[in-house]
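What follows is the residue order along each chain.
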Amino acid sequence: MDVNQPKQEHLLALKVMRLTKPTLFTNIPVTCEERDLPGNLFNQLMKDDPSTVNGAETLMLGEMLTLPQNFGNIFLGETFSSYISVHNDSNQIVKDILVKADLQTSSQRLNLSASSAAVAELKPDCCIDDVIHHEVKEIGTHILVCAVSYTTQMGEKMYFRKFFKFQVLKPLDVKTKFYNAETDEVFLEAQIQNITTSPMFMEKVSLEPSIMYNVAELNTVDTAGERASTFGSRTHLQPMDTRQYLYCLKPKQEFAEKAGVIKGVTVIGKLDIVWKTNLGERGRLQTSQLQRMAPGYGDVRLSLETIPDTVNLEEPFDITCKITNCSERTMDLVLEMCNTNSIHWCGVSGRQLGKLHPSSSLHLALTLLSSVQGLQSVSGLRLTDTFLKRTYEYDDIAQVCVISSEVKKES
Amino acid sequence: MESNGSNAKDAKSASDEEDSGDRVQQKTREDILFHEETIDLGGDEFESEGNETISEDSNNFIDKLNEQMMESVIISDSPNNSEDDTGELGCLQEIVEQMEAKDNQKTAAEVSKEAFLSNESETEHEETPKDISEIGTDDQASLKEESIQEAVKEELKLINSIPVERRPNNIDESKPEDPISLPSTGKPTPEAEPIPVCTIFSQANNVNTQPQLFLHDGFEPQMVKSPSFSSIIETPVKSNPQVVQPSPSLSKFFGDTVNTNTLASDFFDSFTTSSFISVSNPNASSSVPEQMSSISSTGDSSHASPDPTFSVGNGRTEAGGPPNSLEISQSPKPFSQIQAVFAGSDDAFATALNMSELDRRNDAWLPSEETRNVLISVATQQYSTVFIDKDNLTMPGLKFDNIQGDAVKDLMLRFLGEQAAVKRQVLNANSVEQSFVGLKQLISSKNWRAAVDLCGRLLTAHGQGYGKSGLPTNHTTDSLQLWFVRLALLVKLSLFQNAEMEFEPFGNLDQPDLYYEYYPHVYPGRKGSMVPFSMRILHAELPQYLGNPQESLDRLHGMKIVCTKILENLEQGLAEDGSMTNIAQENRQASVQLWRSRLGRVMYSMANCLLMMKIGDIKTAEKYFQDVEKATHKLDGLQSQIMVLMNRAFLHLGQNNFAEAHRFFTEILRIDSSNAVANNNAAVCLLYLGKLKDSLRQLEGMVQQDPKHYLHESVLFNLTTMYELESSRSMQKKQALLEAVALKEGDSFNTQCLKLG
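Residue numbers (the working numbering), protein chains in the order written: chain A, 8 to 418; chain B, 26 to 782.
By construction, these hints were calculated from the structure, which means they are not laboratory data. Backbone N, C-alpha and C fix where the C-beta goes; we use that ideal spot for every residue, glycine too. Take these hints with a grain of salt, some might be off.
If you want a taste of the chain A side facing chain B, the calculated C-beta under 8 Å gives, among others [to be verified]:
#1 29
#2 37
#3 44
#4 45
#5 57
#6 58
#7 66
#8 70
#9 72
#10 73
#11 137
#12 138
#13 181
#14 182
#15 184
#16 289
Please build the complete structure, drawing on both the sequences and the hints.
Dropping the structure here:
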């Protein structure tokens, strides 16, 4: 092993620069007034500065673009762009130049070179340029490997490589929460946090529902025909700030009907997030499929189809229930109605509802009245499966507002 | 002055040397490592276990930790600055050796498990990730680490962090199998086992609590990934069953390095970038106390030592407040010599009336309630004592004496030799008249450092020199103007910390002694603020440059309120300060105009403050631009045409369409070939289109065309960046730029943009 082996002088030089978006040159506006000591000197200096905006010299941000000043951060979902330049530093013509750029991630190796054809010859002081782009899809260490092979004038085959390492960071933190509504609707709350160090403009945050659901975004408020974002006019998300998005998912009719109920773990969909940072640097990410555990309804589900909001005291009113067999077996059901302190059921208790097959349902019209004013809870329904001798209790099914009939007349 | 920066660099290069000195060892390590193909092993494991849905909670948390870690790491591009520590390296080697002994019988999963377990034991005494500076100083061992190994280790870590919940079982299985390999066998780590991956980050305890925290609010962390990546994560490709077999691709990758890259430190090359920081401040906070001795000499040469009245004043505060009106009338005297030089002093009686009108208008300000009470008591009790707490007085003094120096000349000395440097002649504080005239001369010739110095001298003459901070003093119109100029220039030079230091005694610019009413004998009948409005703006803007835009916004809001109130007063037929003074109609008009423009200035500053947060809202921008286009369509002048084209170009830039942006910038050049912005921006676009040579040609052409106008910091920065990208012999070209700069720029030139350092 020859440690002191002289470093080989190559005729070609390889330079790599990451092309983040250029930045706008900022100047520091310092102004004074006519009567101040420097007179109009400061203002004149600013006017003469080519980086200030004509007529708006006091504005810090000019229009002058400057090239990236350092490697910066790169985040998952952004595009990694890099300039690769191979320059002939020597005074001889170099032949058969092949430049290869590969990106090694933890799981794969990608070829990023635009062309794999060799360049026949490169004159002194000329260069071969390539701009590579790669949408970053993995977190962690990435290594850009640039290999250059060429032939010297003497016919000697030469080869060298350079390695550039960079880390890909995660830009967003996404947390979700589901709420199951009684009506089979699912509400999704998604918190998206900017965990980068610069503000982000959220261009798009949308939920792509799975085939079973339709989605309604609840992130805008309709005011006078105009849809205003619930986040106000501030469209950017500061570092470490979190935004909460809300979606309402409704199962599509065919799925709701077919399966009777949606059971177990279901795929809801995924969030698609597009953001922009400095000068329109774009990034896009998706969450994995969001899943939720559908609430268990037991073997028999009783849900309310219709119920009045307000009823009169001691006057009968009708409700419609839907009874669904969520189990795997056929049931033979008996309905019992138990009165509570305030709720009195009309009709016969212990009536046979007949056989109910798995995943099928039946509608039931019931009549009841309340003897107490105020908000009353509808309770006291009992279903017994005569096959298994199992009784299911349904209390607090819904609430109804009970008012005195005289009050109603007056109003 | 530059010593700070260069020291840091020295330290860095020293560490580089150490790296290369270590080359032999490293080479052997490389041999082993590359033979093992750890990266691909990881890949295998990733595929076999990467069942992505299962471990979201903990995975996410690891990512979070990763994030925090990485932030401290990513600051530098240098491959040596990694969070890895010596311990881990040792382990890795062990694994590698052991692997060889076992003749590659192990499965991929086991390999990474081992690595992982040993990490665990080692990280226990490793409290925090090392940052760059630590690596540089206290931990030489870590410097010896080779970047390649770091890379490999990081791959390992990455792998470890993916299939989280399976890990505990695997550990149990693997432990009996190969107990020799683990340095951690002596230290059982049961507490870390549930989700042991996290112990890489030495925060095992948090691991257990954190998921609960997440559950607490009912939110479930979600894994985010690039949309097009789904195929890799969601459907693990199992078509790659070979286990420890070195992948041909990687052996090609890394195996060869041993031959080609003899210098291990060369392994990771740095991207062609440079640490050009236009808002950085290399001189801040250094060079402050060093110059203390020189003050007295400057003070003596230009003026007599501070007036005796100041020592009386000093005694006054200690005594608790004898009549202050007495000394006040005397103290401004020593300054009168300088004052005489200043054109526009209010000495001519004929103009006195007119002047007082102007004065009132310009100096108007609304003091706070407290200050106003003090001022009223000064006015009403002229002949008795008014006790004012020392805390309520403004006692400024120079905080550093001399920031003079010509960085351009220093660079010339370094790169072009003494002969060239001698030719560089710029004005300095000694070469001009020691007066406002000289000061203006220095400012207009862009020798701001010298101008700051001259301000300091003039202030020293006024008794507010170095070390005078905290000593009672008196203010005059001129002393405050000098302070304003000095502070403004410091800000212009990006010496924000220095400016902040010297601003500090001024408080919030509302102390009673900063108002004319405080000096009824010196400025009889004059009212309002001695602090120029521009100085208030400067004061309000300063915090944003020091990373506190919120404070700036607060101060600007305060100013906005005062401006609005003054305008309100004027509209109600009152004087600016709300008093019942008769003002002629034309004067009122002039005053309204002045205060409107001042309000506008405050708004501009607020806009700048908000701009500190860069925004990428293309849609809104597009809307604004369209509005502007509509508005200017009728004007049809060349200027507006350029503006429209410029806006369109920027819109395309925002959409990543450099070709179109270039087209619009070029179109502007067809209308106005000397447009610096369009020229520069077109060149930048060319670079993004892969046309380095064309881009250089455009920039060079522009600079040659009119060096006086185009040798601007931003253009130079772009030019030097491209030189660096173009060839390894950029030095000569940069030096040529330095020569060009030397002919034109004063001592305030930001030499960082030449990237010669």
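Hint check:
no. : hint : in the structure
1   : 29   : 5 Å, holds
2   : 37   : 5 Å, holds
3   : 44   : 4 Å, holds
4   : 45   : 6 Å, holds
5   : 57   : 4 Å, holds
6   : 58   : 5 Å, holds
7   : 66   : 7 Å, holds
8   : 70   : 5 Å, holds
9   : 72   : 4 Å, holds
10  : 73   : 5 Å, holds
11  : 137  : 6 Å, holds
12  : 138  : 4 Å, holds
13  : 181  : 4 Å, holds
14  : 182  : 4 Å, holds
15  : 184  : 5 Å, holds
16  : 289  : 7 Å, holds
In summary, the structure agrees with every hint in the numbered list given earlier.
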